[in-house]
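J.: As you go down the protein sequences, you meet chains S and L in turn. With the numbering used here as the guide, the letters of the first sequence map in order to residues 1290 to 1538. With the numbering used here as the guide, the letters of the second sequence map in order to residues 15 to 446.
Hints in this document: simulated from the structure, not taken from any laboratory. Hints may contain errors.
[To be verified] Partial list, derived from the structure: chain S residues whose beta carbon lies under 8 Å from chain L:
| hint | residue |
| --- | --- |
| 1 | A1390 |
| 2 | A1391 |
| 3 | T1398 |
[As the list claims (entries may be wrong)] In silico EDC-like links for lysine to aspartate or glutamate, alpha-carbon gap of 20 Å or less:
| hint | chain 1 | residue 1 | chain 2 | residue 2 |
| --- | --- | --- | --- | --- |
| 4 | S | K1339 | L | E410 |
| 5 | L | K394 | S | D1341 |
| 6 | L | K394 | S | E1343 |
| 7 | S | K1339 | S | D1292 |
| 8 | L | K394 | S | E1340 |
| 9 | S | K1303 | S | E1340 |
| 10 | L | K394 | S | E1363 |
| 11 | S | K1339 | L | D392 |
Quick reminder that beta carbons are idealized off the backbone N, C-alpha and C, glycines included.
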Amino acid sequence: MLDIRNLHARIGDKEIIKGLNLTVPAGEVHAIMGPNGSGKSTLSYVLSGKEDYEVTAGSVMFDGRDLLALTASERAAAGVFLAFQYPVEVPGVANMTFLRAALNAQRRTRGEAEISTPDFLRLIKEKAPPLGISQEMLRRGVNVGFSGGEKKRNEVLQMALLEPKLCILDEADSGLDIDALKVVSEGVNALRSPERSMLVITHYQRLLDHIVPDVIHVMHQGRIVRTGGKELALELEETGYAAYGADAA
Amino acid sequence: MTTEPQADPRPVRTAAEQAFAAMLAAAPADGSSRIGALRRDAAAAFLRNGLPHRRVEAWHYTDLRALLRAAPPRAPGDAAPAEAIAFPRAARVTLTDGTVGPLPADLPPGVSLLSLADAIAADHPLLDRLGAEAPDRYDAALALNTALLGSGVVLHVAAGVTVERPIQVAQVVTGGTSVFTRLLVVVEEGASLSLIESFEGPAGVPYLDDAVADVFAGDGAVLDHVRVQAEGAAATHLGTLGIELGRAARYDLFVLTLGAALSRLTVRGRFGGPGSHMGVRGASLLAGRCHADVTLFVDHAVGGCDSRELFKTVLADAARGVFQGKILVRPDAQKTDGRMMSQALLLSGDAEMDNKPELEIFADDVQCGHGATVGALDGKMLFYLMSRGLPQREAEMVLIQAFVGEAVEHVADPAVREVLVARMAAWLAARG
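Using the sequences plus the hints, can you model the full thing?
T.: This is the structure we're talking about:
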């Protein structure tokens, strides 16, 4: 599904990803853990096509395509979805209008027909209530005035509607209390399927109690330095990232 | 905005000024009537001051003397009706090159619409509303329009009448001429009206449209006013709008500026009684090398009134936008609540916005504020939308529409709002 080889990326003059290799097969959930500043969020932005980052070497193949050759919107249409650590507020664009515009833009890019209004409303009615997203939140501007938990739930709603092949969750638990964390992780778990891969980026082990990964990678100084099973999370919780030369953050 | 009389040894010297002077000289003299005297005084004001230039404060950013190279000849006044921007349900009268077309036959009782020429011929009492201010204080746009007064429409809504359908006064210019039109609107006590003005013309032809509207809303009257300036890309549009409100009146204006190479809209609103509301909002979408100036003057002459001004300007290419706004709170106008905001979005490094908001407050118990912002599209928002699948162009359009949407959402009639939104979307789509 996702095959990253010797990836180097920088922002300005600062190299942040330094020769990263990572393979995520279809249907698997991989976690990337690492100390602050290890390049986890940068990796998520590079994969989703944020223009501030420059890839200087390496390749990223996604579903048989050269991901780096695509724009951010083309990547989305190809099935890459980034759940933001801090979802952006977009005043003046109703959440509902935005969700539909995103879905239809992806369909158009893929050469598919747009969704009809009744079909879209049916879809929303099916996907929004389990995530606790009210009509009022759908009418409001995208993420405007949403609490931290509401923003994260809105990310999961977008994921559920857009049905990506690769979900990248950047610190999905940040700013969530335990109840909100349960709603979000249940929403994410409901999307696990043999056709869908997930890359769960997190600093803490806590999230991985709720979204249990198949594989855990440790990222440090822009590279994957260790790979193991889910027991690796517990080990890191005990020892911290100090073994990798990082300060306890 | 009022221009202080300028001492100028040679007020009429540019080609455009000479052309205007020739138009004034060719206009038929009109003996002793009140309208005749008004025309004469206005002509004298123009000949004394000429076109305003950058040393005239209210025209500092729009140096009309330098920018207006020529004035095309006056339209002959016998044009056949042309097609105009349609608004659903609206009763429409179209002025083609200033020629008043057929008046809508099915107006409700209490509403009268007549041509200005007929009103002048009949010495209609409503015309007493014109010229309340002495012409020697007129700026060039108002002075020329008044000196050449004759083409236009008078609209009267009787006390207590609620007009269900919007009334549209559409102006269409068809060729390279100068057109001077006047609209007089009187909404009497307790009446309500939705008024639409539209201005359009051919794309490649330089023409001049000098349009003045005098609007009076009586005690308790409710008036929603939409003004769409969609002139041709080579046109010059000089708009002047005077608003006078009685007590407990509600007036909301929305101005959409889409066209003209050079445009200036001067809005002068005045509160004549307490408890009234005035909303003056607008959106300007400017591309190419177009220059658009919106200048507001809101006079809180009495207390207990609120005014809201919100202008959104989107500038592409090498377009230039000007916003000048002044809220004046006179000494006895206590409990005044005035808020003014101008926000500009620059889509190009070559675009320019000049903002000049001002408050002049002489009362002590007031709440007033103003602000102005100029910025580019938010990169974080853009990436968020693109990461969800919206191609860059579409993501930009969504954000621009949201930016102007904050002003257009105040248009009360959803059908009218829809036409405005569609016009803006078409402008954005044409940007390519």
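J.: Work down the list of hints and note, for each, if the structure agrees.
T.: Status of each hint after checking the structure:
1. A1390: 6 Å, holds
2. A1391: Holds, because the Cβ-Cβ distance from S:A1391 to chain L comes to roughly 4 Å (cut-off 8 Å).
3. T1398: 7 Å, holds
4. S:K1339 to L:E410: Holds. S:K1339 to L:E410 sits at ~15 Å (cutoff 20 Å).
5. L:K394 to S:D1341: 11 Å, holds
6. L:K394 to S:E1343: Given pair L:K394, S:E1343 holds - Cα atoms ~17 Å apart, limit 20 Å.
7. S:K1339 to S:D1292: Cα-Cα ~19 Å, so holds.
8. L:K394 to S:E1340: The hint holds at about 11 Å.
9. S:K1303 to S:E1340: Between S:K1303 and S:E1340 the Cα gap is close to 15 Å, so the pair holds against 20 Å.
10. L:K394 to S:E1363: Cα-Cα ~18 Å, so holds.
11. S:K1339 to L:D392: Distance of about 14 Å is within 20 Å: holds.
When held up to the earlier numbered hints, the structure conflicts with none and fits them all.
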